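A.B. asks: Spelled out, the chains give:
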Amino acid sequence: MKLSILFRASGRRSRCAEGMTLVELLVAMGAGLIVLGAFVGVTLNVNTMVKSAGNYGDLDALSRNTLDMMSRDIRNASAVSTGSTTGAMTLTNNYSGATTITYSWDGSNVVTRTYGSGSPQMVLTNCDYLSFEYFMRVPGNNLQFTDITNAFSPSEIKLVSVSWRCSRSILGAKLNTESVQTATVCLRN
Amino acid sequence: MYTVLSSLSKSPERHLGCRRAFTLVEVLVAVGVSVLIFGAVYAGISNCYSILQTSRANLRATQIMVSQLEGIRLCAWGSGTNLSQLFNTSIVPRTFTTYFYPLGLNGTTNQGITYYGSINVNQLTNAAMETNVFGSSIPSYAENMALVTVTVTWTNGLNGKPAAHARHMSTFVSEYGIQNYVIAH
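Read top to bottom, the protein sequences are chains Y and X.
Per our numbering, residue 1 is the first one in the first sequence, and the count goes up by one each step.
Per our numbering, residue 190 is the first one in the second sequence, and the count goes up by one each step.
Extracted from the complex, chain Y is given alone in its bound form (with noise of 0.2 Å):
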């Protein structure tokens, strides 16, 4: 009795049964594809973004306590007692009880900073380009300055050129994570 009543009442009953057909399908899977597609692209551009800014901002905080530092540590130096264009530049300052301030980079990661006879201390990591340039005091043209720096003559040398570039890499690529910092800077003795 029961049965024949609930069927007569959901006449409905079959068609509300019914799976989709074919083309509700496909069309549903692409619309959804789409959506998907298109919230996973947004993830993972956020998701650069997000670790960029974040990278960018972790690398210019070292970056910028070192270039204070050295750039106090040049300005306060009577010479540049030795130095390459890519590996160490050793700052003597005749003022501080004959101190020795050595910046040096391992060439592809670690800047270190060796104040003294003391330990290396380490001031950058994630250096992947570190560059330092030597000029004698004359100003030329354009205030260009005689570069030194392969004719390495200590006691002609007044102003120093340091550029650095620090980087990590998102998503195996080095999308504008890198933290550049240059300076010139004149010995102040």
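In case anyone wonders, no lab produced these hints; they're calculated from the structure.
Since the structure is predicted, the reported quantities are computational estimates derived from the model, not experimental observations.
Certain hints may be false.
[Stated by the list, open to error] DEER-style ranges, computed between Cβ atoms:
# : chain 1 : residue 1 : chain 2 : residue 2 : range
1 : Y       : Thr85     : X       : Thr360    : 26 to 32 Å
2 : X       : Val220    : Y       : Met20     : 18 to 24 Å
3 : X       : Ala219    : Y       : Gln121    : 54 to 60 Å
4 : X       : Val322    : Y       : Thr112    : 40 to 46 Å
[As the list claims (entries may be wrong)] Here chain X is said to cover these stretches of chain Y; the calculated rule only asks that three of the stretch's residues, wherever they fall, bring their Cβ under 8 Å from a Cβ of chain X:
# : region
5 : 50-56
6 : 112-118
7 : 133-140
8 : 158-168
Note that the Cβ used here is the ideal one computed from N, Cα and C, for glycine as well.
Chain X: place on chain Y using the hints.
C.D. replies: Leaving out everything else, chain X in the frame of chain Y:
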């Protein structure tokens, strides 16, 4: 049993577990809301990213200006033809061009943003200039000073729209300053 019949007559489909799909209007409204939310989040983060790029460009501009001012510290004041370096426009150019990436840092093909700079060296030689700098109490050594201003301008895009930026930095240079290492030529 009457109860069952009654409920069936009202909504037999729900009772049997057959659910209706969303209507087109519901779907459109839901999609619209989702697009709005995602769009807002994406635009917000994208904007933050652009600001980050702008701050990088700003930092580099500062480095360029400081670098120029360091060079000026090595220029002799002088008044003779061969002595005056600070006021010699060949030595201290009035305009210069430089790039985001210093030479060699990012290859030679992509040097990044172009910075256009200018350097103004103004000796404080007249009353108007002195008043601008010192106000009403002008010191006796005013004319032995020069105001050097380095200005850098560049253009970069914020959310795809080009935007012009400018920064300047000023310093004083004194004729009888503390520098004892300047060599005139």
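A.B. asks: Hints first: check each against the structure and report whether it holds.
C.D. replies: Evaluated hints:
Our hint of 26 to 32 Å for threonine 85 of chain Y and threonine 360 of chain X holds, since their Cβ atoms are close to 30 Å apart. A hinted range of 18 to 24 Å holds for the C-beta pair valine 220 of chain X and methionine 20 of chain Y, which are about 19 Å apart. Take alanine 219 of chain X and glutamine 121 of chain Y: their Cβ atoms lie about 57 Å apart, and the range 54 to 60 Å holds. Valine 322 of chain X and threonine 112 of chain Y have their C-beta atoms about 44 Å apart, which keeps the hinted 40 to 46 Å range intact.
Counting residues of the region 50-56 of chain Y whose C-beta lies closer than 8 Å to any C-beta of chain X gives 4; at least three are required, and the coverage claim holds. Only when three residues or more bring their CB closer than 8 Å to a CB of chain X does the claim for the region 112-118 of chain Y stand; here the count is 0, and the claim is violated. Here's how the region 133-140 of chain Y fares: 4 of its residues keep a CB closer than 8 Å to some CB of chain X, so the rule of at least three is met and the hint holds. With 5 residues having a Cβ less than 8 Å from any Cβ of chain X, the region 158-168 of chain Y passes the three-residue criterion, so the hint holds.
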